[in-house]
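Here are the chains, one letter per residue:
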Amino acid sequence: MRRWTGGLFDSVPNAVVSLLLLWLLWHAGVGFWDWAVTRATLDATTAEQCARRGGACWAFLADRWRLILFGPYPYTQQWRPALALAIFLVLVAATAAPPNWKKPGRIRALGLAWFAGLPAMGVLMAGGLFGLPAVPLRLWGGLPLTMMLASLGVALAFVLAVLLALGRVCAMPLIRMLCIFYIEFFRGVPLIALLFLVAVLFPYLVPPGWTMDILLRAQLAFALFFAAYMAEAIRGGLQAIPAGQYLAAASLGMGYWQAHVRIILPQALRTVIPSLVNIFIAAFKDTSLVVVISMMDLLGAANASTAEAKWWGLYIEPYLFVAMIYLAFCSAMSAYSRALERRLGVGVR
Amino acid sequence: MGALREAWKRPGLRALVWQCAAALLVLGLLLWIWGNVTGNLARRNLGIDFGFIAGQASFEFGENLVGYRPGDSFVWAFAAGLANTVQVALVGILLTTVLAVMLALMRLSPNRLAARIAWLWIEAVRNTPLLLQLLFWHQLLIRQLPGPRQALQLLPDVFLSNRGLVLPVAEMQPAFTAAALVLAAGVIAACFLPRGLRRNGVLAALTVTLLVFWAGAAPIEISRPELRGFNFQGGLSFSPEFVALVIALVVYQAGFMAETLRSGILGVARGQTEAAASLGLRRAQALRLVIFPQALRIVIPPVTSQYLSLTKNSSLAVVIGYPDLVRVSQVTISETGRAVECIIILLLVYLSLSLVTAVLMNSYNRRIMARGGAR
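Residue numbers (this note's numbering), protein chains in the order written: chain D, 1 to 349; chain R, 1 to 375.
Don't take each hint at face value.
[As the list claims (entries may be wrong)] Taking lysine to any residue and the SDA-like style, the derived pairs with C-alpha atoms no more than 25 Å apart in a straight line are:
#1 310(D) to 136(R)
#2 9(R) to 261(D)
#3 9(R) to 174(D)
#4 102(D) to 90(D)
#5 9(R) to 255(D)
#6 9(R) to 240(D)
#7 9(R) to 36(D)
#8 102(D) to 240(D)
#9 9(R) to 264(D)
#10 9(R) to 171(D)
#11 102(D) to 91(D)
#12 102(D) to 114(D)
#13 9(R) to 91(D)
#14 9(R) to 260(D)
#15 9(R) to 90(D)
#16 310(D) to 90(D)
#17 310(D) to 321(D)
#18 310(D) to 36(D)
FYI, nobody ran anything at the bench for these hints, they're computed from the structure.
Work out the full structure: start from the sequences and follow the hints.
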């Protein structure tokens, strides 16, 4: 009993606060139960029928969940993005498990798996090979699109970010200045402005005749944008490396690149993995901004799911559904980041 | 050849070569883009010309602080958009700070229920996209709230309906402007006084301000919102878009800031709390006198960047149609076709907003640090 009531009723003001909070929780819980269960509608064909009972319209989700998850991807082909997503999640889970980092054999297996998995996912999504009907980029949507924009964007950004971070701390003033300029520029402008830039201005920036799908342009904008934030995180890691490491590498006769690739970066990146995961979480949420350039990611598809007349006017159910998806992925990742932080003993060493 | 290899070993020369290469690369890229832009514009019989901003804008947007109307120039429209962005940012920053402090204290409270609830709330708002929350609040406000006739009365004369929020406000009169100017001048003057006199200086400025106001003010008239026809007249009104935007920004950003504040408070050495307790300070006193001043120094840099990200995130306003800077440039592009110029203006304005905030907060940060160092 004490374990549960401990700290709740040990003094008068505390007890008052606890009672107040319990009362609020009780009311919120009863209200939610009433909406989600008592007055909910499970079988209805229009939003109006749901509105008559005044509760949640789960019939809508039963009808529309595939549109929300996969966007405008052709209905009969939706097993392909589902499979691609499953492959991706399995690969990520395998890569993220720390036991797989220790043995060289497993690392090689992981590399091979990605090497085979990436083209497989591409073929599954795009089609046009092995008898799969081709699906153009503009029909990609939903959760696979969100996942792709975030992970491909962050992966590209990572490469750029390492170079930027190295340039940001290097001794050459001109290169340092260029890197600072890049980082401060991209951290100073809102992502929306950047998305407008690639959506509206792209035809002006390249020679006439060059075209690029809007999806790839958005992908590029994400990569450039997140590179600036990741570069700052990596810089933190670089600056935490004791000067002795640089000296030791130099005294072994290592040059700049050799020292960085073999000695400095492995240590620096290890300490910043948690903050890189946090940036990935931010990227995952921020991909929802592609709604402004009318792409159908998870959130865009949720918006579109109520466009049809019979479901018009619903908004809590689709938003709640995608919120749960975002919440599940993001809290899993942040729990992972915290666990990793403990494991790596950042700040404790 | 051997001489060249010898020379390459000299770090100075190598650095020079690398830097020249990088500079040439960047310069080449920029020139290439510039050439493309001018070429593409010329092909469409356009040039880069900011002259259009003096022209007449025909679009209208409801609310703005600078009194823009259709028919005014585009400069004025941009100013109105900027004013709206700044307004959202300032209100948002203020409310976010209040909510974040409350959440952080709840999270650290010895009451386990309060700590748990705050934790759940923070996790939920941090792990869903801001845009999703914004769309949700906007829909909730315009769909779920009653019309003006059945408006919810939050406080006397404060009404919330699906047309937005209305508050009573004092009628503007010249004395307000005069008093505000005197106060600003007084506070700036007080900053130049030696430290010991500063408090007296500020007090003197306040007194003079009150005197000016008392001498110059007509009887203060409060404009109260009144229901006339289908909507409220009078008072200060905010659109549902503004209210939704502020709620979404505050709820989202406060989740992040609460965690920052919490880690700042936890970052103050435990001995400090114990020392405060052993001096007989209560928990509230210890927080106010011992913990907060020290935590402040830890949290200022991250909180600055959170204020900045709130300002930048306010650009999501464009999605729900609140007339902020991004929205104005979007509409201007569709009206004039001046995409390059408008986006340049947009980027420059946001960059300078970031720069100004960063400079202000850095100087504040330096002062706090200096005070701590001089102890």
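Results for each hint:
Restraint check for residue 310(D) and residue 136(R): the C-alpha separation of about 20 Å stays at or below 25 Å, so the hint holds. Annotation: proposed proximity of residue 9(R) to residue 261(D) holds, straight-line Cα distance about 20 Å (limit 25 Å). For a cut-off of 25 Å, the pair hint linking residue 9(R) to residue 174(D) stands: about 20 Å separates their Cα positions. Using a Cα cut-off of 25 Å, the hinted pair residue 102(D) and residue 90(D) holds, with the two alpha carbons roughly 19 Å apart.
Between the alpha carbons of residue 9(R) and residue 255(D) the distance comes to roughly 11 Å, so the proposed pair stays at or under 25 Å and holds. Under the criterion of a C-alpha separation no larger than 25 Å, the hint pairing residue 9(R) with residue 240(D) is inconsistent with the structure, at around 29 Å. Taken as a hint, the residue 9(R) and residue 36(D) pair is broken in the structure, with Cα atoms around 73 Å apart against an allowance of 25 Å. Straight-line distance between C-alpha atoms of residue 102(D) and residue 240(D) comes to about 24 Å, which keeps the hinted pair within the 25 Å bound.
Simply put, residue 9(R) and residue 264(D) have alpha-carbon atoms about 22 Å apart, close enough for the 25 Å limit, and the pair holds. For the given pair, residue 9(R) sits about 16 Å from residue 171(D) by alpha-carbon distance, which is consistent with the 25 Å threshold. For the proposed pair residue 102(D) and residue 91(D), the alpha carbon gap of about 17 Å is at most 25 Å, so the pair holds. Under the criterion of a C-alpha separation no larger than 25 Å, the hint pairing residue 102(D) with residue 114(D) is consistent with the structure, at around 18 Å.
Distance restraint check for residue 9(R) and residue 91(D): the Cα-Cα separation of roughly 44 Å exceeds the 25 Å cut-off, and the hinted pair is therefore not satisfied. Between residue 9(R) and residue 260(D) the alpha-carbon distance is near 18 Å, which keeps this suggested pair within the 25 Å criterion. For the hint linking residue 9(R) to residue 90(D), the alpha-carbon distance of about 48 Å lies beyond 25 Å, and the restraint is violated. Restraint check: the Cα-Cα separation between residue 310(D) and residue 90(D) comes to about 37 Å, which exceeds 25 Å; the hinted pair is violated.
The hinted pair formed by residue 310(D) and residue 321(D) meets the criterion: a straight-line CA distance of about 19 Å does not exceed 25 Å. Distance check on the hinted pair: residue 310(D) and residue 36(D) sit about 21 Å apart at the alpha-carbon level, within 25 Å; holds.
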